[in-house]
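What the sequence shown shows, in this note's numbering, is residues 1 to 299, in sequence order.
I should point out that these hints are in silico values taken from the structure, not numbers from a laboratory.
On a predicted model such as this, the values are computed, not experimentally measured, just so you know.
Treat the hints loosely; a few may be bogus.
As the list claims (entries may be wrong) - 20 Å max Cα-Cα, derived SDA-like pairs, lysine to any residue: (1) Lys270 to Glu245; (2) Lys161 to Val48; (3) Lys27 to Arg93; (4) Lys161 to Ala218; (5) Lys203 to Gln285; (6) Lys270 to Arg174; (7) Lys270 to Leu246; (8) Lys161 to Pro78; (9) Lys203 to Ala231; (10) Lys203 to Gln227; (11) Lys27 to Gly95; (12) Lys161 to Phe59; (13) Lys203 to Gly248; (14) Lys161 to Tyr128; (15) Lys161 to Asp43; (16) Lys27 to Thr11; (17) Lys27 to Val48; (18) Lys270 to Val176; (19) Lys27 to Glu89; (20) Lys161 to Pro211; (21) Lys203 to Gln282; (22) Lys161 to Glu79; (23) Lys203 to Gly273; (24) Lys203 to Val190.
As the list claims (entries may be wrong) - Label pairs and their calculated CB-CB ranges: (25) Thr258 to Arg230: 18 to 26 Å; (26) Ala17 to Ser294: 39 to 47 Å; (27) Gly164 to Glu142: 27 to 35 Å; (28) Pro271 to Arg93: 44 to 52 Å; (29) Ala231 to Ala71: 24 to 32 Å; (30) Ala244 to Arg55: 41 to 49 Å; (31) Ala244 to Gly23: 50 to 58 Å; (32) Arg174 to Gly85: 36 to 44 Å; (33) Ser136 to Ala17: 33 to 41 Å; (34) Ile292 to Gln29: 30 to 38 Å; (35) Ala204 to Pro34: 53 to 61 Å; (36) Arg157 to Tyr104: 18 to 26 Å; (37) Gly275 to Tyr104: 30 to 38 Å.
Ideal placement from N, C-alpha and C gives every residue a C-beta, glycine not left out.
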Amino acid sequence: MSNGKKADSQTVYFRSADFPSGGFLPKNQVRIAPNDRGFMFADGLYEVVRSYGGRFFGFAEHLARLRHSLAEVGIDFPEIGELPGIAQELVRRNGLETVAAVTYIQLTRGLCERRYPFPTPPVVPTLYIEVNRLLSAAAEAEQGIAAITVPDIRWSRCDIKWLGLLPNVLARQRAVAQGANEAIFVRDGVVTEGTHTNVFGVKAGVVLTHPRDHHILAGITRAQVIQLCRALRLPVEERPILQAELAGLDELFLTSTTGEITPVVVLDSKPVGRGRPGSLTQQLQRAFRGLISSLSQGD
Numbered sequence: 001m002s003n004g005k006k007a008d009s010q011t012v013y014f015r016s017a018d019f020p021s022g023g024f025l026p027k028n029q030v031r032i033a034p035n036d037r038g039f040m041f042a043d044g045l046y047e048v049v050r051s052y053g054g055r056f057f058g059f060a061e062h063l064a065r066l067r068h069s070l071a072e073v074g075i076d077f078p079e080i081g082e083l084p085g086i087a088q089e090l091v092r093r094n095g096l097e098t099v100a101a102v103t104y105i106q107l108t109r110g111l112c113e114r115r116y117p118f119p120t121p122p123v124v125p126t127l128y129i130e131v132n133r134l135l136s137a138a139a140e141a142e143q144g145i146a147a148i149t150v151p152d153i154r155w156s157r158c159d160i161k162w163l164g165l166l167p168n169v170l171a172r173q174r175a176v177a178q179g180a181n182e183a184i185f186v187r188d189g190v191v192t193e194g195t196h197t198n199v200f201g202v203k204a205g206v207v208l209t210h211p212r213d214h215h216i217l218a219g220i221t222r223a224q225v226i227q228l229c230r231a232l233r234l235p236v237e238e239r240p241i242l243q244a245e246l247a248g249l250d251e252l253f254l255t256s257t258t259g260e261i262t263p264v265v266v267l268d269s270k271p272v273g274r275g276r277p278g279s280l281t282q283q284l285q286r287a288f289r290g291l292i293s294s295l296s297q298g299d
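All chains, full assembly: derive it from the sequences and hints.
Okay, here's the thing in structure tokens:
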């Protein structure tokens, strides 16, 4: 997701206890202290927000999810309202106003001695934000991708967008080793989500996806797709998809901020449906592109 700039010219935003005023600076000047709890314990959160031609998609929803995560892990960050303005300025400073870009926001509990309990009194959270050009995934969206299923060995609070992503990394690497693009988690016989995606199935014209609970991260694009289904009068059910049902699905697709709506045409080396993007998936892709077109035009 590089924007083509070197680290000494890419502008990022950074704030920490060692740099309490915060500010915009070259990426190679950022210094993370070794006793930052994000480094020591993965004690932190993140969000990824997409922009199209300088206009952000769903930033309010991303902030709402970040507020949820902050409350669940007990990090106080009253400056959350500053994030859209910082992100917009980063887009401008990095010359990304006319292209698709992705803003990465990371927030950790901050610097303190390496002890499990939260620091008392609370310390200044460490904030890091960068924006990069997003490379096109048009081919994957049009042709579809291959995926595999893997056991869901993650913790049981996947609704928190937490920094601890090693299980996701290992699952994605397993997919790559098998020539696939994504790994889909299965917990106790139930499909939950992908390593960085939400999962939707289609059976007999009904769109299915895992209900919003602690076992999935409720994606911003996921919510938008559910709304599109209702607007298009497509039956949609938020209910568990059983692993045993996968072989009988007519269509399978993934949603994410960076990939939007991506068809899965091969799962565990077997074709999904007819082995090509399904008509309902394509209908939703067209509707989603309509939303983005309206965003780009400022409607």
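Restraint status (C-alpha distance of Lys27 to Gly95 at most 20 Å): Judged against 20 Å, a Cα distance of about 15 Å means the pair holds.
Restraint status (C-alpha distance of Lys270 to Leu246 at most 20 Å): Holds, at about 11 Å.
Pair hint outcome, Lys161 versus Ala218 [Cα-Cα no greater than 20 Å]: Holds, because 10 Å separates the two Cα atoms, which is no more than 20 Å.
Whether the CB-CB distance between Arg157 and Tyr104 falls inside 18 to 26 Å: The hinted range 18 to 26 Å holds for Arg157 and Tyr104, with Cβ atoms some 21 Å apart.
Pair hint outcome, Lys203 versus Gln227 [Cα-Cα no greater than 20 Å]: The hint holds at about 18 Å.
Assessment of proposed distance window 39 to 47 Å (beta carbons of Ala17, Ser294): holds (42 Å)
Hint consistency between Lys203 and Val190 [alpha-carbon to alpha-carbon, up to 20 Å]: At roughly 16 Å apart (the allowed maximum being 20 Å), Val190 and Lys203 satisfy the hint.
Given hint Arg174 paired with Lys270 - CA-CA distance at most 20 Å: This hinted pair holds, its Cα atoms lying about 17 Å apart.
Whether the CB-CB distance between Thr258 and Arg230 falls inside 18 to 26 Å: About 24 Å separates the Cβ atoms of Thr258 and Arg230, which means 18 to 26 Å holds.
Ala231 paired with Ala71, Cβ distance criterion 24 to 32 Å: At roughly 31 Å between Cβ atoms, Ala71 and Ala231 fall inside 24 to 32 Å, so the hint holds.
30 to 38 Å as the expected CB spacing between Tyr104 and Gly275, which holds or is violated: holds (35 Å)
Distance restraint between Lys203 and Gly273, which requires alpha-carbon spacing of 20 Å or less: holds (10 Å)
In terms of the numbered hints stated before, the structure departs from none.
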